[in-house]
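Student: Chains as they are written, first to last, in the working numbering: chain A, 143 to 457; chain B, 3 to 188.
Hints listed in this document are in silico derivations from the structure and should not be mistaken for laboratory results. Mixed in with the good hints there might be a few duds.
Not everything, but these chain A residues come out facing chain B in the computed CB check (under 8 Å) [what the hints assert, rightly or not]:
{"hint": "1", "residue": "168"}
{"hint": "2", "residue": "245"}
{"hint": "3", "residue": "248"}
{"hint": "4", "residue": "362"}
{"hint": "5", "residue": "401"}
C-beta: ideal position from N, C-alpha, C; glycine also.
Here's the letter readout for the chains.
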Amino acid sequence: MSVLRLILGDQLNESISSLSDIDPQHDLIVMCELQEEATYVKHHVKKLVFVFSAMRHFAASLESKGYPVRYIKWMEHPALNTFTEVCADVLKSRSFSKIVVTHPGEYRVLKALQVAEAALGLPIEIRGDDRFLCDIEEFSNWAQGRKQLRMEYFYRDMRKKYSILITEKGKPVGGQWNYDADNRHPPSDTLTIPPPSHIEPDDLTQTVIELVGLNFKAHFGSLENFGFAVTRQDALKVLEQFTVERLPCFGDYQDAMLQGEPWMYHAHIGLYLNSGLLLPQECINAALAAYESNQAPLNAVEGFIRQLLGWREYI
Amino acid sequence: MPNYAEYNFLNAQRALPEYYWTGNTQMNCLKQCVDQTAQTAYAHHIQRLMVLGNFAALIDVHPKALNEWFLSVYVDAYEWVELPNVSGMVLFADGGILASKPYVSGGAYIHKMSNYCQSCHYRVKEKNGPKACPFNYLYWDFLVRHRDHLKDHPRIAMMYRMYERMSPEKQQAISNDAANFLEHST
Ligand code: SF4
């Protein structure tokens, strides 16, 4: 029987677990721009543009591949403000055996889903999020019995587990786990920092910029010069540009700050990882490839992987 | 992490200063980081941790207020990323589950890692008085205020010994400058 598959705004990847067994003939994908989600804090207007536009592009690409999608745009149906209301509306015209969703990152959303399950009387199957390299169960096993959690040890265990920069003898490549000592160069005025990736907004993004400009006047930040990627394809280009142009110096100047240089040698891919457009493993692989072909030094590659494995996975 | 948001180990109660939204401050490092954030919805980890986070920790901003700010202003911010970073690393609100000590520092670190101080109204080398970099005296005042919570920490104990060796006049100047600054900071 048909399954309703709910995709949240930070789950924009076709490999997401909620889609793994989709039947395009009978199932329906539901995505929505909820008022509650967009306004529970006064999100930066560029963040709203990014999230809405990336969601809309993702929905369009699913449709172009033959998946049926019901997409509810911001304020398109002012009465549909919660997951419960949206699902109830979908259920009016069709019946489903269950709702499938990948585990939300936010506790608030998990709560909202539990409310929806009770209100709709329809089972909601919450699936694990396998985008992470370390799943929740594995992490709790690791954390058990440790009073304090230290990222460094977690990071080393993950490096070993995935054989990332590990020699055949099981030692870290280069002999050290950590090259932070090489990564604390103060900035110098003579650095030539490459301009950041700038993706020109397409018509769809332009529409969203106007929508956000009109409806979120009280929110923080400037809408000008929006240049983030909003599709997986463009996010991959940003990753590629980073590994070629910035990664080689990333390590040395990782901690440095220069007035008027917001981007420095950083990757600026956190938004793509956190929304699902990019997966952590492919970013790690891109950095490893740069190291193996001598395009980036070890301290840069190790530092970048540490941010991905340590920071992202750990928390 | 349903309960993590409630942690407030250091009992920080201050509201977030208005200049985290407007950039309207004479502290150049903060102004640059806030203005950049408003423009781009981005700042890198040292700007977040050692400028914006550090300063908020030094003046005891309430974890809820700072979490909400980080969550709002950064394009990559989702609660599951921000909460452990902000409460755990920046504010030490969990009392040491995630970080071994609070990430606080005086102006010297910012001076070393940036060129912000060159065009600042304040002087990073001055420790006290109206032109002194506020990070400097606020750092000591923070340690003094939270002595009960932090004094036994091995990596901080050394700082308390340094403080004890200061003259009483110097200690008084730190306390006066900090009180004066905090009274006028909104
Ligand atoms: S002098 Fe102090 S307030 Fe001014 S930029 Fe330097 S660290 Fe910031």
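Student: Run every hint past the structure and note whether it holds.
Tutor: To see whether the hints hold, each was checked on the structure:
Violation of the interface hint for residue 168(A) is found here, the shortest Cβ-Cβ separation to chain B being roughly 32 Å, above the 8 Å cut-off. Given the 8 Å rule on beta carbons, the hint for residue 245(A) is violated: about 11 Å separates it from the nearest Cβ of chain B. About 5 Å separates the beta-carbon of residue 248(A) from the nearest beta-carbon of chain B, less than 8 Å, and the hint is met. Satisfaction of the interface hint for residue 362(A) is found here, the shortest Cβ-Cβ separation to chain B being roughly 6 Å, below the 8 Å cut-off.
For residue 401(A), the suggested interface contact is upheld, since its CB lies about 6 Å from the closest CB of chain B, less than 8 Å.
Violated hints, listed in ascending order, are 1 and 2; each of the other numbered hints is respected by the structure.
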